[in-house]
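*Asks:* One letter stands for each residue in the lines below.
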Amino acid sequence: MIHSSMIHTAMLRTKLLCILSAGALLAAAAGVARADSPLQSGVPATLALPANNLVLNAYIDVDATAKRLTFDVCSVQPCGGLQGAPSSGDFDLFVRYGTPFPATGLSEDIINRYAHYHAVSASSNETITVLPSSRMPLRAGRWYITVVNASQTAGNGTLTVTASPATQLGTIHVDFGHPSTDPDAPCDDSFWTDTTAATPVGGNNATTLGAQRQNALFHATNELVTQLQIPIDITVHACGAHLGGDMNSAILAHAAPLTYLFDDPQFPLNALPKKYTWYSITSAVRLAGTSGCSLGGGSCDGVANEELEAVFNEDIGQPNIVGGEKFYLGFDPSPNPGHSLDFVTIAMHEMTHGLGFFGLVNLDATQGPLGAKAGISGNSIAFSNLSLGPYDDIYDDYVAIVNGSTYTPFMGYEVNGANDAARIAAATSGPVITQDGDYNPGTQTGLRWSGAEAASSSVNINAGKAAPDNFPSLYAPCDKITTTTCAPEPSSTLSHTIQAGDMMNAFYSGFNLRSMGLAVPMLAPLGWSNASATAPVFGQTIPSNWFDSTHNGHGFDFQVVLRDPVAGHDVYLLTFYTYDANGNPEWYQAQGSFVDGVFLPDLQSNGQTLYRLVYTSSDLGHITAHADSVAGSVIVDFNQAAQSPACRNVDRSSIALLGVMSWSIGNESAQWCVQPIVQLADHASPDLNGHWYAPTDGGWGFEFLDVSNGTGAPTVVVYVYYPGANGQPTWATASGTLNVTGSTTLNLLQVSNGYCRLCTPPAQGLTGTSVGSITLSSLQTNLPAGRPVGAASITANFAGGSFVRVNDPISELSVPPGAP
Amino acid sequence: MKNRFLLGLVALGAAVSANAADAPLATQPLATPAPAKSTATGLRKATPPTVSETSVTRKPDGSLAMNCVQKPNPKLKAAPAATTGGERQP
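Which chain is which? The protein sequence lines are A and B, in order. Counting from 1, one number per residue, gives the positions in the first sequence under this note's numbering. Counting from 1001, one number per residue, gives the positions in the second sequence under this note's numbering.
Treat the hints with care, as some may be off.
[What the hints assert, rightly or not] For lysine-lysine, the following DSS-like pairs were computed, each having C-alpha atoms within a straight-line distance of at most 25 angstroms:
1) A/K480 / B/K1071
2) B/K1059 / B/K1077
3) B/K1077 / A/K480
4) A/K326 / B/K1077
5) A/K67 / A/K274
6) B/K1059 / A/K326
Keep in mind the hints are simulated off the structure, nothing from the lab.
Isolated chain A, as found in the complex:
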C-alpha cells in the first residue's frame, strides 16, 4: 500500500523506519529494548528526572495476598512529611497492569491513554491507591509504573510502591479554612473557631461552640467512613455562611460535590467503569484512588485539593431565626429527644449527597426540557443548547422505571431525548401533594433504585421480594401545588428515598439517625463498593472498513498489520478516506496499537498521530512523499461506544459493533460513531479482505473488500489510494463481481460531490464520476507462508495527468483475517 513501506509483516515497524529517512514521518519502531526496573515493596527508588523526561516501566510483581497497592511519588523528604522543600519539577504518575507501556514515541497524552490509573496534578507529589474493588482490580501480576517530569525544570524525589496484605480505611479530611467573601458563595471559617463557651453535650466534650461544631462534623465524617468503609482519602471544604431565615423557616446547610466529570476520548479516565457518564468527583476519586486534582490535573493548592463542599448556616441560633433554635451538636442523639436540628444527621445527609447520591436528570422546567439528561453548554452542565452531550449520569443509571411487574432503565440507549417523557412520568408517579410539606412516606412509586446491592440489602424493607418489588422507591410525588396536572417537584424528586425512617428521605425530621440506611447499598455501584471487582472486559474490533452512517462517504480502512506478542497488542494501520474543504477526495493515515479496546496511534516524528502524505514523485518504483504540515490526530475507542452521544444521534440500537472515532485535522475536530461495513461472517472464501500494496512500487495501494454472495461469485469493492493532481493524496472506488481465478476489471469512480468533514451530506447522495479503471489478476491465495499476491493495472486520470501502472505485482500488506 501506499503507505509507504510496503513491507512485510513482523518487520513492519522496523521497515517503516526506513521510510522515515525518506519521509521523515513515522515514529520509532516498537521493539526497542526497555530499561524496565524492578521495585521492591516499600523500598523507595530514587528519581532524578530532567525536564520532560520520564522513568518508563518500573515495575513491581504483586502476589495474591495484596489487598492494597499504593504508588507514591514525592519530592518532599520524607515522603508525605513536611521536612525539606519540594524540589522543582512536576512529576506525574501512571500505572498499568499486565503489559508495559510502549517503549518509544511517548507523549504524556499517549502514556495517559495506556495507563489504567493516573495522577497528574501540577505538584510533584502524587499518590495512587489500587484496591481489589478498583476498576482494574488489584490482583497478582506485574504492575508497571511510569513517572513523567512534565515541567521545564529538573526534579528529584522518590517512587515508592507498597503492597499491603491488609485493608485500611481512609480519612475524610475537613478543611475548616480557606474562607471566601464572595457574596454569592461565601465561606466563613469563623463558624468553626467561635470561642463562645459551650457545655459538653452528647459525647461532644469540646467547650467552645466552634470546637463543638468541628467535632460534630468530624463525627459525621467518621460515620460515613465507617459505614461505607471508605478506603481512600477525601477532602471536604467546610464553611459557615450567613444564610439567614426568619421566625418560621431557615436554611440549615447545603452541600455538593465540587465537580462532576466523565470519561471521554478527549481525556480518558480509565479508572471509571462507565464511559460518557457523569460521576461526582467524590465517586471518581474513590474509583481512581487519587485526589481530585491529581485525577483531573491542575493545582492542588487550597480548595483545589478538595472534592466536596458543605456549608452551614451560622445564623442558626439567633433569636430571630426559627425562634432561636440551635443546632444539637452531640454525637449521641438521645439527649436530643425531639431530634431537632441534629447537626450530625444534617451533615451526614448532606455529605451523602456530596458523595454522589444525586441524580442529574432535569426536573425543573426553567432549566430546560423536563426529563432531559445533562450535557454541557459553554462551560456548565445544562439541558438545552448543548455543545456536548447529553450524557447519562451514574446515579440515574441505577434508577428504573417500574410499571407493575415490569421495569425499564431510567437512562439507557435512546435517541435525542426519546425517553424524557417516560422519565418525567416515573418522576411524578408517587402520591399527590397539594401543599408544601405534604409527605406520604412508604407509598411505593414507579421511580425505583435497581442496584442489586440495595435490592437485596437487609436495610431494604422490601428485600426478598421479586424484582422489581424489591427495588427501593425514590421520592417522586405528583406535585399539584401550583398546577392541576402532575408536575415533578424539582427540589426533592429522584435524589431521595421514601422508606420511612431512612436518612436519605427528603423529609427527615424527628428521626434518631446515625445510620446511613439505604445510602450504603445505593452508593455501592456508584463507586463505593468494596467488593472485589472483576477485570474489565474491553471493547473489540474487527479489521474492516468503518464508517459513520451520518457522514456517509467518509470512513476508514482499519487493518491489522502486525501481531506483536512482545507488546501484547495488535498493530493496526488506519487509512482515513475523506474530503477536503472543497469536497475533493483526500486521505490520511495513522499506525498504532489496539490497547484495551482503543486504537492508540503512534506519535510520529512530526508530533502528530494522523498525517497526510504529499507526493513528490509518482515514478514507478520510486514513489516518494512527505507529511504535510497539517496537524492531525485520531483515536478510535471501541469501549461502550453506544453510550457516546456520537452514537445516539440516530438509532443504532441494533448495531452490535460500534466505535467512537475522535479525530482532529487542522482546526477541525469531531467524534463520529463508526460501524463496520462488512462483518467477518460475510467475507468471501478465499478471503482476500485487507489492505494491499505493491511491494516493489511502494506508495500506492488499496483496500480490498471481498464479500460472499453465497454460491455465486463474490462482490468486490476496492478503495484505491494513489497520488493525484499536484502530488495530492487522492482516492477512488470500484466495485463489481470478482473473478478470483481470472481477471477482474472494474470501473474506477471518484466522488464528484464530496463534502467536507464538518459539512452536511448532500441531500441527493453522493455521485461517482469515472476516472479510469483497475484490473486485478493472477490472484493467489492460501500461500503456505506469506500473504496473498497478484497483479494490478490501474489508470486513474486527474486534471493535468494520470496515475498509471501495468501489471504491478501486489500483495496483501495486512494480516489476512483469521491468520495468526
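Following the hints, complete the assembly by docking chain B onto the known chain A.
*Replies:* Just chain B now, with coordinates in the frame of chain A:
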C-alpha cells in the same frame, strides 16, 4: 527474522534488569514536551447545577420539619463554571 528480533529483545531486557538499587531510575526524554498543565487537560468536567439544601420549617403545631431540596448552585451564580479544561489533542 521475527524470532531473531524477539530473541534480541529478551537478551536486552535481561541485561538492563540489574539496576543498582540506590541509583536513580533510568530516564529517557519524552517524544514531545509535556504541555503546560494549566491547559493540558481536556478533561470533561463541570460544576454541578444544583446543591442539596436542608431547611427547617416550624409547623403549626410548633414542631420543626426538615426538608432537603435541590437549589441552584450558588457557585454558578458567583462565576460561570469555567471548569472544562482546554483541549488536548487525542
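*Asks:* Hints first: check each against the structure and report whether it holds.
*Replies:* Structure-based check of all given hints:
{"no.": "1", "hint": "A/K480 / B/K1071", "in the structure": "holds, 20 angstroms"}
{"no.": "2", "hint": "B/K1059 / B/K1077", "in the structure": "violated, 31 angstroms"}
{"no.": "3", "hint": "B/K1077 / A/K480", "in the structure": "violated, 29 angstroms"}
{"no.": "4", "hint": "A/K326 / B/K1077", "in the structure": "violated, 29 angstroms"}
{"no.": "5", "hint": "A/K67 / A/K274", "in the structure": "holds, 24 angstroms"}
{"no.": "6", "hint": "B/K1059 / A/K326", "in the structure": "holds, 17 angstroms"}
The structure is inconsistent with the numbered hints 2, 3, 4, although it conforms to all the rest.
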